[in-house]
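Student: Protein chains in written order, with the working numbering: chain E, 900 to 1238; chain B, 10 to 349.
Check before you lean on any hint, since a few could be wrong.
Under the rule of at most 20 Å between Cα atoms (straight-line distance), these lysine to aspartate or glutamate pairs were calculated in the EDC-like manner [as the list claims (entries may be wrong)]: (1) K52(B) - D73(B); (2) K1234(E) - D73(B); (3) K1234(E) - D204(B); (4) K52(B) - E960(E); (5) K147(B) - E925(E); (6) K147(B) - E960(E); (7) K185(B) - E1040(E); (8) K949(E) - E960(E); (9) K52(B) - E96(B); (10) K942(E) - E925(E); (11) K904(E) - E275(B); (12) K185(B) - E199(B); (13) K147(B) - D991(E); (14) K1234(E) - E69(B); (15) K147(B) - D131(B); (16) K52(B) - E982(E).
Just so you know, the hints here were simulated from the structure itself, not pulled from any lab data.
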Amino acid sequence: MSRRKTERLLSLVVCLLSTRRYLTAEQIRQAVAGYPEQPEAFKRMFERDKEELRELGIPLETGPLSPTDGEDVGYRVERQAYELPELRLEPDEAAVLGLAARVWRSAELAGAAAGALLKLRAAGIDTDEPGAGTDVRQGIEPRLATTEPAFGPLWQAVRDRRPVTFAYRAAGRSEPQTRELEPWGVVNRHGRWYVAGRDRGRDAVRVFRLSRIEGDVRFSGRPGSVTVPPGADVREVVRTWDSAPAQEHTAVLRIRAGAGYGLRRYATAAPGRPDAPGQPDAPGDVDPSPIDPWDTLTVPYSDTGRFADHVASFGADVVVADPPDLRDAVIRRLKGVLA
Amino acid sequence: MRPRDRAPATAGAAAGRARGQAATSAERLQRLLALVPYVVSRKAVGLADTAAAFGLSERELVDDLNLLWCVELRDPDPYCPIDLSYEGGEIVVSQAESIGRPLRLAVDEASALLVALRMLADVPGLEDRSALSRLIAKLETAAGAAAAPSAQVAVQVDKPTGDAAIARIREALTRKQRVHLSYYVPGRDEATERDVDPMRLLVVDGRAYLEGWCRRAEGVRLFRLDRILGIDVLDVPASVPEEAQPVDVDQGLFRPSADDVHVTLEVSAAGRWVAEYYPCESAAELPDGWLRIRLRTPDTRWVRRLALRLGEDGRIIAPEELRAHIRDDAAAALSAYANG
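Bound conformation, chain E alone:
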């Protein structure tokens, strides 16, 4: 860290904010201490300084020095563009703000959240007032992680509207493929991050799971070169993509008493007893017959393969009575274990 550089940058900011008219580079050099006399050295340093200010989000403007003279440009920072507008928060709002700032604590946007909080505190907002918390804050602890390395560059690409390329290994594929995407947004669903957008190679809307992106995400175009179609709702795109198809099939399953809760939860009815809920008989039920160690339940499902996976996981506690294709699929999996 160089104290002199910090002083110079600070003076530069104050100088540019204090002027209404555009200042020439030479005027700036004279006003701000710390710039070298030598023109080339000054130019290089001034260029770097301008870049640093822009990276901090300081709205550095360039404009003509006079209406008639379009040649030379000058610089200034407009107060209104620089300043955070007046912002007053009620105590309950400030409490919620503190909670929101903690969400990203160890994730990609954690630094940005901390930076935002710093500015809001600088605007006079106190987020840590004891007792300010109302219902929302009490006992709630929200967190978001971004463990996928692709999150950072994809967020930048979405923010700056740039296309990207990456290697993607789709589910069940043994080799990754290169995809080029115009990213529209990133969405977290069931705790997983997805990016949605237009796949240039396929000329269609596609959704990618960030954890299946291998290696680096590269920008493949300039900022601003991606157009998100008006009305595109990335949440909806991901939701549709991720949703299970309609449950068109029903299975009749024999489930051992006291087991198979992962299936009982979704049971519709026991066959032949349409009124009975898909739960084991309540203890109060009068049932004079000897205790049957098996319940027979009807469970709806959508995809035979996936449902067979699920049923097989219960082992000897669940037996498929019907339909036969499901029964065969489960048997195939069990035999696969022994193979």
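Given the structure of chain E, go ahead and fit chain B onto it with the hints provided.
Tutor: Quick look at chain B alone, frame taken from chain E:
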């Protein structure tokens, strides 16, 4: 390793930097530009409080104040735009010139807050939604154009089956009452009954959990809301013991323990989801798209169920006794079909 955005990274580094680490000039500039309005908006503030708010030592803070005080512009006439004092441990800025207000929020800053707030607004069962929506509206206005890209990041919070469970949990937390849970443990395929003294409601990566002292396990446990089969608020005050340690959510919810069993398994391309779904220690590529996964777990029952689910798309390599159990499980399950 991870590519980082320069501007927001510096923003965060400055704000979250551990004491004693040197900041870059840009980071320090950012801090100075926040420090002046921080004092101005509060009229006068103590050195110690301000140092704490900025994560600085008092000496570092005084150094910052001196630097601000020293700023001089030389044209047309030399003058010092900033005038301040910190006599008697109290900072007063009497002249702030053009930097009396903080800088606007950057896109990343606005997005970080807005995405988080919208996620909170999506948590079912929150009674005090109005503070959230008021704050979102205010921040959107204050951030202006910088707020727009945040709409392209969304977090969907899993809704438990029916808001009734979350409402009861909120009620129990607020009134500090014990609850009775009927809770499904998928790894063991069991519906368990237990009394729990609620501690917090965690919303981690879009999933909601009740953290509480489980009186059956005599320990702090997390209960995923979508696995709660039934919940009753009991007419008993909750009593969370002194020794109950809340889970440090920043370290991840699931941490290995010394008693864990090490499991090695191999999965085909069709079984690669396993590496995404479960916390794994390592995943190494094998020929034909197979993957060798190493993980550790306190309870191998779910691995047995996983192996049955995978069928020929998975094979357990170690430990040997787990392999044997799984073969027995599969054989027992098949015999039911042979008989039927």
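Student: All hints, please: hold or fail.
Tutor: A quick look at each hint next to the structure:
{"no.": "1", "hint": "K52(B) - D73(B)", "verdict": "18 Å, holds"}
{"no.": "2", "hint": "K1234(E) - D73(B)", "verdict": "72 Å, violated"}
{"no.": "3", "hint": "K1234(E) - D204(B)", "verdict": "41 Å, violated"}
{"no.": "4", "hint": "K52(B) - E960(E)", "verdict": "31 Å, violated"}
{"no.": "5", "hint": "K147(B) - E925(E)", "verdict": "41 Å, violated"}
{"no.": "6", "hint": "K147(B) - E960(E)", "verdict": "27 Å, violated"}
{"no.": "7", "hint": "K185(B) - E1040(E)", "verdict": "17 Å, holds"}
{"no.": "8", "hint": "K949(E) - E960(E)", "verdict": "10 Å, holds"}
{"no.": "9", "hint": "K52(B) - E96(B)", "verdict": "14 Å, holds"}
{"no.": "10", "hint": "K942(E) - E925(E)", "verdict": "10 Å, holds"}
{"no.": "11", "hint": "K904(E) - E275(B)", "verdict": "56 Å, violated"}
{"no.": "12", "hint": "K185(B) - E199(B)", "verdict": "28 Å, violated"}
{"no.": "13", "hint": "K147(B) - D991(E)", "verdict": "13 Å, holds"}
{"no.": "14", "hint": "K1234(E) - E69(B)", "verdict": "69 Å, violated"}
{"no.": "15", "hint": "K147(B) - D131(B)", "verdict": "18 Å, holds"}
{"no.": "16", "hint": "K52(B) - E982(E)", "verdict": "18 Å, holds"}
Taken one by one, the earlier hints fail for this structure at numbers 2, 3, 4, 5, 6, 11, 12 and 14, listed in ascending order.
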